[in-house]
Amino acid sequence: MSAEAVKRPDRQPDASTVKQPYEAVIGLEVHAQLRTRTKMFCGCSTAFGARPNTQTCPVCQGMPGTLPVINRRAVEFGIKTALAINCTVNADNRFARKHYYYPDMPKNYQISQYEEPLAEHGHLDITTADGMRRIGIQRLHLEEDVGKLVHEGTLETALSSQVDFNRAGVPLMEIVSKPDLRTSEEAAAYLKALRAILVYLDVCDGNMEEGSLRCDANISLRHAGAKEFGTKVEIKNMNSFKNVQHALDYEIKRQARALDTGERIVQETRLWDPDRAHTVSMRSKEFAHDYRYFPEPDLPPLDVAAAWIDRIRGTLPELPAARRQRFMMAYTLSPYDAEVATSSKALADYFETAAQGSRNPKTVANWVLNEVLRVVPPDDEKAIAACPITPAALQELIGLIEDGTISGRIAKDVFDKMLASGEGARVIVAREGLTQVADASELGAVVDNVLSTHAKVVEDYKAGKKAALGFLVGQVMKWTSGKASPAVVNALLLEKLPKL
Amino acid sequence: MLTRLTVHELGARFRSGEATPSEATRAYLDRIGALNPKVKAYLTQTADGALAEAAQADARFRSKCPLSLLDGVPVGLKDVFCTRGVETTCGSQILRGFRPPYDATVVARLRAAGAVLLGKLNMDEFAMGSSTENSAFFTTRNPWDLSRVPGGSSGGSAAAVAADLAAATLGTDTGGSIRQPAAFCGTVGLKPTYGRVSRYGLIAFASSLDQVGPFGKDVADTALVLQTIAGHDPLDATSATIPVPDYAAALSQGITGLKVGIPNEYFIEGLDPEVEAAVRGAIATLERLGAEAQSVSLPHTEYGLAAYYVIAPAEASSNLARYDGVKYGLRVPGARDVIDMYSRTRGAGFGAEVKRRVMLGTYALSAGYYDAYYGKAQKVRTLVLRDFQRAFEHVDVIVAPTTPGVAFKLGEREDPLQMYLNDVFTIPVNLAGLPGLSMPAGFTQNGLPIGLQIIGKAFDEATILKVAKAYEAATPWRERKPELEAR
Amino acid sequence: MAEAKISMKDVDHVARLSRLTLTDAEKERMRRELDGILTYIDKLRALDTEGVPPTSHAVPMTNVMRDDDPRPSLPQEDMLQNAPDGSGEFFRVPRIIEESGGEVRNGERC
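Chains as they are written, first to last, in numbering that gives the first Met the number 0: chain A, 0 to 499; chain B, 0 to 486; chain C, 0 to 109.
Heads up, a few of these hints could be off.
Claimed, not checked - Chain C regions said to be covered by chain B (calculated; three or more residues, Cβ under 8 Å):
| hint | stretch |
| --- | --- |
| 1 | 44 to 58 |
| 2 | 63 to 73 |
| 3 | 84 to 94 |
Don't read these hints as lab results, they were simulated from the structure. Glycine is no exception: its CB is placed at the ideal position from the N, C-alpha and C atoms.
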């Protein structure tokens with residue numbers, strides 16, 4: 000065995016000198032861990048975070064004599080997803096064994112699907128800078144996850160490794176796109192859109208950092224307009240949308256530079272190294288996997304009835320694209336606002352709950368998209384669920400603005416106080432006496448005071464400086480600690496100034 | 000002599016109080032102590048456990064609450080079944096020391112019925128073989144002639160029943176591994192329909208062919224054990240939900256008018272003349288009992304062996320991939336890296352026949368060869384299945400020899416292909432997933448048992464047992480026992 | 000003389016796929032025996048199977064599935080007790096190296 004287990008990285012390509020007569024051809028392969036309670040083929044829990052090898056049984060550890068039994072809910076989730084991405088569900092489909100030896104593989108074969116996958120030939124529409132693009136989906140199939148390896152040190156230096164089989168057997172859904180993507184932005188958009196659907200369907204929690212959603216890419220370059228595909232390279236280890244984009248950008252440059260210098264692209268697997276921002280080759284020569292697929296003899300095939308598919312279709316929630324449309328229609332949101340508001344199901348739900356019965360959904364949208372999103376990220380389901388200001392509390396706050404109790408300015412302060420103390424808006428306003436002052440006679444006295452104190456500014460205003468009005472309003476605000484109703488103050492000034 | 004009794008006879012004594020399970024267990028343990036060194040049927044003996052279980056059965060009989068007709072009955076299990084806490088080797092070095100943390104479903108069912116486990120029985124390694132000579136530990140001897148093989152792969156299970164070293168045993172049959180040793184050892188052995196009995200906990204050889212089945216001293220015992228272990232298991236997705244009939248009730252029915260098929264292709268050149276004579280005699284007996292014999296044709300019989308020797312090794316190569324030294328069993332120390340560890344462990348832990356079949360199977364599934372080998376064999380399988388389906392449109396059972404010859408001498412069949420030919424009459428039944436039974440049909444001049452095979456329609460074990468019972472009642476074969484010391 | 004069905008190169012390749020270390024003597028014997036068996040198996044080629052569907056399950060069944068209800072896992076000690084090299088709560092294996100035709104994991108090599 001060669002001691003040179005460490006690969007030397009390729010030289011950084013210089014973006015400015017790369018010629019670009021090439022078109023990138025990109026396909027993405029996504030693995031999503033399904034949110035079932037139990038594993039794909041046995042009744043062990045799929046819960047995250049247990050002590051090693053405590054969520055296993057003879058089946059998922061591949062002990063001699065054990066047999067798999069299919070989890071119906073995993074199949075349901077697969078069918079549900081297939082419908083959401085416009086695939087044809089194959090009534091006849093079956094599992095197959097995929098053979099390879101690796102320490103995290105309990106049986107040294109993975110039960111997956113090969114020639115007869117659960118679903119095929121779908122599509123996903125993405126929004127790009129150049130408008131809508133339809134990305135084809137080749138297939139969707141179910142399989143089981145493998146165990147987790149812990150290396151004593153790094154993989155290159157470890158003298159031994161340790162295996163935890165808790166994760167082995169967790170249901171995975173693999174979705175393979177057609178090689179229809181052409182840029183790294185499109186790839187990221189596709190991934191985001193697919194993830195949003197998976198989360199909306201509640202079949203996967205879409206967490207790339209934790210590994211419940213994984214993405215590999217296949218990328219090749221060809222001359223723009225060419226019909227044939229170039230040699231494709233597989234890219235792995237991209238664990239965020241940004242990393243997917245950066246890795247593909249790097250790879251496009253690397254391959255372009257290679258092609259420019261007449262170098263042959265090697266068909267291989269490369270790992271993205273986010274720290275050094277390059278891809279590293281995993282192979283010293285080309286290979287072909289011999290997985291020796293054959294139909295899984297321990298599992299009778301599936302025959303998915305049309306009635307079952309229809310029942311599942313009936314449970315599909317409103318998908319992101321449809322919800323965006325509805326937000327634009329029903330709540331008169333702009334396309335941009337609708338897009339942000341539907342970044343995640345959690346945020347969309349939050350907004351809709353807060354906008355329940357509101358006369359002014361656009362106001363609600365502004366508050367959610369500007370103020371709430373200062374506090375929580377738009378696509379972090381957990382954070383949104385844990386947000387100290389609930390939709391009901393937000394509704395209450397906005398209600399106080401709409402009924403004139405407080406001004407918009409004060410409301411922003413109240414919002415911050417609500418965050419800090421967890422109390423409701425009404426309680427805070429009452430306790431701190433933040434109620435807006437709108438009484439004309441009370442304010443009239445203050446206005447008179449300000450006008451007499453700032454005679455010079457009054458002169459400026461009468462001389463034509465409209466900005467002086469703002470100063471005067473500001474002074475009234477200062478006198479009333481911000482509680483004066485801006486509308487009433489404005490009206491009073493405009494009434495009194497001409498008389499001076 | 001308690002060890003000579005059938006399960007039914009033993010059960011009657013327990014119920015009447017004439018004997019206790021502990022007495023029977025001790026009698027068997029003593030006999031094993033005296034004869035196992037010669038017969039070498041047992042790999043592991045569980046004497047302490049057996050006596051403890053027997054004591055519990057004693058108490059149940061005293062309070063007149065036995066669990067079943069098998070309560071207190073001492074049995075042996077082929078070492079292919081996972082038994083919780085008891086070493087399970089599958090006849091291989093690679094599983095030496097392996098103590099499963101769970102029971103196979105059939106083991107759990109026998110335990111729930113009150114059966115007493117005497118120990119684990121010898122077998123060809125990973126059930127690959129027809130003589131038990133492929134056991135990594137030692138070869139079991141045929142109780143009728145200790146210089147001969149008991150058959151395989153369930154050689155220990157067959158020999159134990161023949162030599163009265165257990166009241167009944169369980170074996171497995173993938174290409175004949177119950178029926179052939181039953182024939183060689185002069186016992187009854189039944190391979191049920193595929194899916195009739197759960198495979199959960201049965202260490203897999205060929206998933207689409209393996210079945211669990213009983214060995215018994217007579218037909219009634221065999222039926223009782225089948226009754227106890229048969230039925231759907233949610234842990235085995237290939238187990239059938241078809242209800243289990245009352246096999247005992249079927250036994251008392253006669254066979255008048257029953258149509259018996261005689262397959263032309265099973266009476267070929269190379270069939271031992273004494274075997275042929277015995278089987279033809281058996282057919283005549285059945286006719287005397289009221290059955291109607293007619294010829295049937297199973298034209299693809301000769302291709303069954305070839306198809307089997309693609310399908311079984313292919314599935315085996317996959318099922319045995321898990322034996323790699325990581326989680327259980329043998330690990331050869333001092334490996335450079337994990338791949339070296341895998342290869343050295345498997346190289347050292349597997350015997351020659353297992354390696355041969357793993358290589359053959361891997362080859363058949365490898366890139367470029369799948370269609371020509373595995374794909375083709377699965378189609379031939381369909382043709383074999385259709386042969387039986389067509390024949391069963393005209394007959395109720397098919398009767399034939401179990402094997403082309405009788406028990407051969409240890410070391411006589413060294414060429415693997417020669418060894419494979421032992422299974423030529425049993426393999427097609429596995430390919431078709433049908434039930435098949437072997438029972439004594441006579442003896443050769445040299446005193447070696449000859450087996451009669453009765454093949455039935457899917458899930459029609461009842462008819463097979465009915466025919467077998469009628470034949471048994473009309474013949475003297477089961478009276479004869481092997482002459483071993485310390486009878 | 001009939002052409003050999005399997006060469007030494009094939010034996011080496013298949014042994015590697017099967018993760019089996021064979022001695023030279025074993026390899027030669029294996030080649031001969033496999034050759035004989037493959038020759039015998041070749042008789043299948045003579046059969047016309049045009050239009051014949053394959054049988055993977057002799058007794059046809061479909062849609063055997065279970066509910067998504069948890070069953071208790073086995074205790075950690077039960078699962079680790081047969082480990083040839085246990086390491087506390089884990090199974091330990093020797094170092095994992097790259098090999099051509101091997102598998103790649105995210106962030107890891109085979």
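For each hint, the structure was consulted:
For the stretch 44 to 58 of chain C, the stated coverage by chain B is satisfied: 11 residues place a CB nearer than 8 Å to a CB of that chain, which reaches the threshold of 3. Counting residues of the stretch 63 to 73 of chain C whose C-beta lies closer than 8 Å to any C-beta of chain B gives 3; at least three are required, and the coverage claim holds. Proximity of the stretch 84 to 94 of chain C to chain B, defined as three or more residues with a beta carbon under 8 Å from a beta carbon of that chain, is established by the 5 residues found.
Of the numbered hints stated above, none is contradicted by the structure.
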